[in-house]
Amino acid sequence: AQKITQTQPGMFVQEKEAVTLDCTYDTSDQSYGLFWYKQPSSGEMIFLIYQGSYDEQNATEGRYSLNFQKARKSANLVISASQLGDSAMYFCAMSDLKGFQKLVFGTGTRLLVSP
Amino acid sequence: DAGITQSPRYKITETGRQVTLMCHQTWSHSYMFWYRQDLGHGLRLIYYSAAADITDKGEVPDGYVVSRSKTENFPLTLESATRSQTSVYFCATRRGGPTDTQYFGPGTRLTVL
Chain A
1 AQKITQTQPG
11 MFVQEKEAVT
21 LDCTYDTSDQ
31 SYGLFWYKQP
41 SSGEMIFLIY
51 QGSYDEQNAT
61 EGRYSLNFQK
71 ARKSANLVIS
81 ASQLGDSAMY
91 FCAMSDLKGF
101 QKLVFGTGTR
111 LLVSP
Chain B
1 DAGITQSPRY
11 KITETGRQVT
21 LMCHQTWSHS
31 YMFWYRQDLG
41 HGLRLIYYSA
51 AADITDKGEV
61 PDGYVVSRSK
71 TENFPLTLES
81 ATRSQTSVYF
91 CATRRGGPTD
101 TQYFGPGTRL
111 TVL
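Chain order of the listed sequences is A and B.
Numbering-wise (the numbering used here), the first sequence opens with residue 1 and increments by one.
Numbering-wise (the numbering used here), the second sequence opens with residue 1 and increments by one.
Excised from the complex, chain B in its bound form (with noise of 0.2 Å):
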């Protein structure tokens, strides 16, 4: 059983560049959540969905777009990469209410040089 499986690992790309990294889970849970992790600032909330098609804006949301045509992939995309950016990206799912536990995927750690 994978659970949640991120795409690429690591990633180093360059200024300027759009950026895509990918989320996918097994389990069909509805909701799930995009976090950027950075030091002396905990996880951030970047972007999260409810289901299929529903999206919306979390606390640091500037500079990134999601989409979510199907329940098990939750792709984040930077559209022009800056420095400021270079960070390690979690995805998150959650089955339903607010009780249920988040399950955090591996990571990703990316470099904008």
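Bound conformation, chain A alone (with noise of 0.2 Å):
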């Protein structure tokens, strides 16, 4: 069984720093995916990042790149030069690669970034 583990119920951040949001994941798959999504408190899902397990460079999308360290079962979320409107819950979550290929998620880190 696969399982996500966020350990940081909360970070907190000042405006324009860098933050690392924690993710540690437990799978016996050798092919899976790992995904972060941000929840802002209007509630919607918003899709952030992804990586491949056999993915050997680190993924980057704009200001969000993942940290993956394979060897730890690790895949934390960096964001660079935060902004106000990046205050929200942060979820990471895996899929294996057959299947129906579901998404497992974690308890979520909220973040809050301050002026």
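Please keep in mind that the hints were generated in silico from the structure rather than gathered at the bench.
All of these numbers come straight from a predicted model, not from anything done at the bench.
One or more hints might be untrue.
[Said to hold, decoys possible] One-sided and incomplete, this derived list gives chain A residues near chain B with beta-carbon spacing under 8 Å:
(1) M45
(2) L103
(3) F105
Virtual Cβ for every residue (Gly too), placed ideally from N, Cα, C.
Put the two chains together into one complex; each comes in its own frame, and the hints tell you how they fit.
Quick look at the structure:
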């Protein structure tokens, strides 16, 4: 069974600084995908970034990058140059790459960006 | 382009009543999913579907029923609502393989009194 652990219930960062949100995972699969989603206070789930287990390079999408350390089973999200609009809940999720490829989510980290 | 819509957005019902939450997509994506979101649990998968007439249970299926007679619709029914089913329910779709993004609907907030 797959499991995602997010150990930081809440994080604070000042505007324009970088912040790292932690995510560790557990799986016996060799092929899997890792995702990060953002959920602002309005409630919608917004896809941020994807990393495949066989991808050699860390994924990047604008100010978001995924620090993928396969041996440590970690997939931390790095947000550079934080903005006030980054204040939200952030969820890490993983999927196997066979069958129905269901997503398993962590419990989330609430990020608050202060001016 | 509407994408994914969920209805109703808010629902209050009583214990024992049957409730159906609707999910409609305009993309013709093959895969559809229902999740519930509760404090301390993140999102948990209730049911999923790979195509019309193909559905299967997720992590927390008890008390829920789904159907998918058409690609674009994936209703979730609570056969006899309980207070523990008070939650926010999200529908999601995915076009194809596992590296494709899952797109989420706006959610339905359900309260069972």
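Is the shortest C-beta separation between F105/A and chain B less than 8 Å?
-> holds (4 Å)
Was the hint right that L103/A lines chain B, CB cutoff 8 Å?
-> Given a least distance of 6 Å, the restraint on L103/A holds.
For the hint on M45/A, does the least C-beta distance to chain B fall short of 8 Å?
-> Holds, about 4 Å.
When each numbered hint is compared with the structure, no violation occurs for any of them.
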